[in-house]
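Engineer: Each number in the working numbering corresponds to the 1-based position in the sequence shown with 202 added.
It is possible that some hints are incorrect.
[As the list claims (entries may be wrong)] Distance condition first, Cα-Cα at most 30 angstroms in a straight line; then the derived DSBU-like pairs of lysine-lysine:
1. K498 / K299
2. K344 / K588
3. K344 / K299
4. K348 / K332
5. K348 / K497
6. K428 / K299
7. K305 / K572
8. K546 / K344
9. K509 / K547
10. K497 / K509
11. K509 / K498
12. K572 / K514
Calculated directly from the structure, the hints in this document are not laboratory data.
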Amino acid sequence: MRFIADLHIHSAYSRATSRDLNPENLWRWSQLKGISVVGSGDFTHPAWLRELREKFELADNGLFTLRKELQTLAVPASCRADVFFMLSAEISCIYSKGGRTRKIHMIVLAPAFDDADRINRELSRIGNLKSDGRPILGLDAKELAKIVLGASPEAMLIPAHAWTPHFSVFGSVSGFDSLEECFEELTPCITAIETGLSSDPPMNWRLSALDRITLISNSDAHSPSKLGREANILETDLSYAAILAAIRSGEGFAGTIEFFPEEGKYHFDGHRTCGVSMHPHETLQNHGICPVCGKKLTIGVMHRVDKLADRKEGFRPQGRPPFRSVIPLSEIIAETLGVGPSTKKTDALYRNLLEALGNEFHILLEAPLKDIETAGAPRLAEAILKMRSGDVSITPGYDGEFGRIRIFERFERKELKCQTPHF
Numbered sequence: 203m204r205f206i207a208d209l210h211i212h213s214a215y216s217r218a219t220s221r222d223l224n225p226e227n228l229w230r231w232s233q234l235k236g237i238s239v240v241g242s243g244d245f246t247h248p249a250w251l252r253e254l255r256e257k258f259e260l261a262d263n264g265l266f267t268l269r270k271e272l273q274t275l276a277v278p279a280s281c282r283a284d285v286f287f288m289l290s291a292e293i294s295c296i297y298s299k300g301g302r303t304r305k306i307h308m309i310v311l312a313p314a315f316d317d318a319d320r321i322n323r324e325l326s327r328i329g330n331l332k333s334d335g336r337p338i339l340g341l342d343a344k345e346l347a348k349i350v351l352g353a354s355p356e357a358m359l360i361p362a363h364a365w366t367p368h369f370s371v372f373g374s375v376s377g378f379d380s381l382e383e384c385f386e387e388l389t390p391c392i393t394a395i396e397t398g399l400s401s402d403p404p405m406n407w408r409l410s411a412l413d414r415i416t417l418i419s420n421s422d423a424h425s426p427s428k429l430g431r432e433a434n435i436l437e438t439d440l441s442y443a444a445i446l447a448a449i450r451s452g453e454g455f456a457g458t459i460e461f462f463p464e465e466g467k468y469h470f471d472g473h474r475t476c477g478v479s480m481h482p483h484e485t486l487q488n489h490g491i492c493p494v495c496g497k498k499l500t501i502g503v504m505h506r507v508d509k510l511a512d513r514k515e516g517f518r519p520q521g522r523p524p525f526r527s528v529i530p531l532s533e534i535i536a537e538t539l540g541v542g543p544s545t546k547k548t549d550a551l552y553r554n555l556l557e558a559l560g561n562e563f564h565i566l567l568e569a570p571l572k573d574i575e576t577a578g579a580p581r582l583a584e585a586i587l588k589m590r591s592g593d594v595s596i597t598p599g600y601d602g603e604f605g606r607i608r609i610f611e612r613f614e615r616k617e618l619k620c621q622t623p624h625f
């Protein structure tokens with residue numbers, strides 16, 4: 203069976219997240235997006251874990267479903283589908299190793315509530331799990347691996363957004379140069395990394411050390427509408443065991459759905475305070491110093507990959523699964539209408555499209571262009587064709603600032619504005 207999974211999200215108990223992040227809205231938005239399996243997020247938080255216990259039922263496939271009586275939110279008939287949940291969490295490990303402060307974020311997947319309880323009991327001895335859905339713990343990432351794997355052989359630990367400068371295993375500010383440096387003798391237990399919004403598979407293919415690693419992608423959503431901005435495509439049985447096996451071995455892992463990495467907020471080097479963005483070559487010419495204030499630039503993902511890579515750009519290891527780069531449908535609609543992504547016009551057309559054609563991933567990746575043209579605003583089909591072919595213009599993100607992506611050139615956008623319909 204072919205399906206889409208987004209395994210790294212958050213709840214309303216994490217900092218800077220939407221209050222709408224509850225199981226009911228996750229169930230609804232997963233269907234709107236076309237996601238069959240979604241992470242629960244934040245199972246380390248006691249209040250969220252209680253809510254999950256109250257609202258989830260264990261399915262025959264080892265995953266969880268939302269209780270039937272809670273499945274009341276409106277979903278267009280064209281999008282209705284089964285949604286399964288997997289227990290997941292993110293841990294922020296901050297510790298000293300090798301004479302440096304390390305800040306590593308890790309994703310934890312657990313098969314059952316009892317396993318989550320065992321993990322939480324160990325972690326609660328180290329730090330306060332009530333303060334944040336993504337707890338900050340003074341814990342070596344290797345020691346976290348021991349705790350997770352000791353709780354259950356069917357649990358999994360995955361380095362989150364592996365290239366983010368400040369909080370990742372390969373981060374330029376506080377990470378390591380290799381998985382072995384971080385996890386030592388437990389490195390063989392790390393079978394996947396999350397590439398993050400600012401990198402994509404081709405960037406990771408440049409490191410031969412990652413050839414044995416499955417490259418997964420997730421949204422890290424902080425609101426329900428952000429689900430699926432990155433996701434995984436699997437072609438296997440729809441079960442906890444099969445998903446875990448696919449991630450561990452690569453067999454049945456059919457690829458990923460990606461952000462255009464330039465749009466990620468740490469792709470280029472830069473200094474946001476001064477509005478300075480630099481390609482790695484420019485950074486080297488400036489000796490890593492901001493030309494405006496004279497302070498150190500934040501070294502981005504592209505630069506960090508360049509530093510650690512042992513292969514040239516364009517190298518593709520044999521047998522690697524494909525990937526698709528997408529732009530969220532609401533952003534494409536907004537550009538074709540000449541309005542903002544959160545406006546009533548954008549939302550109205552988004553809903554009309556879903557009702558007419560099906561879920562968002564189907565529209566972005568599979569729907570015939572003629573059907574999109576019939577159901578959508580002027581030139582929406584052309585915009586999606588451009589996205590599918592990678593014919594987009596992006597001003598890269600840097601130092602916490604998202605990149606700006608455009609499908610149409612300035613003169614084309616002016617023409618589009620003249621054609622904008624009224625709703």
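Engineer: List in ascending order the numbers of the hints, as given earlier, that are violated by the structure.
Structural biologist: 2, 5, 6, 7, 8, 9 and 12
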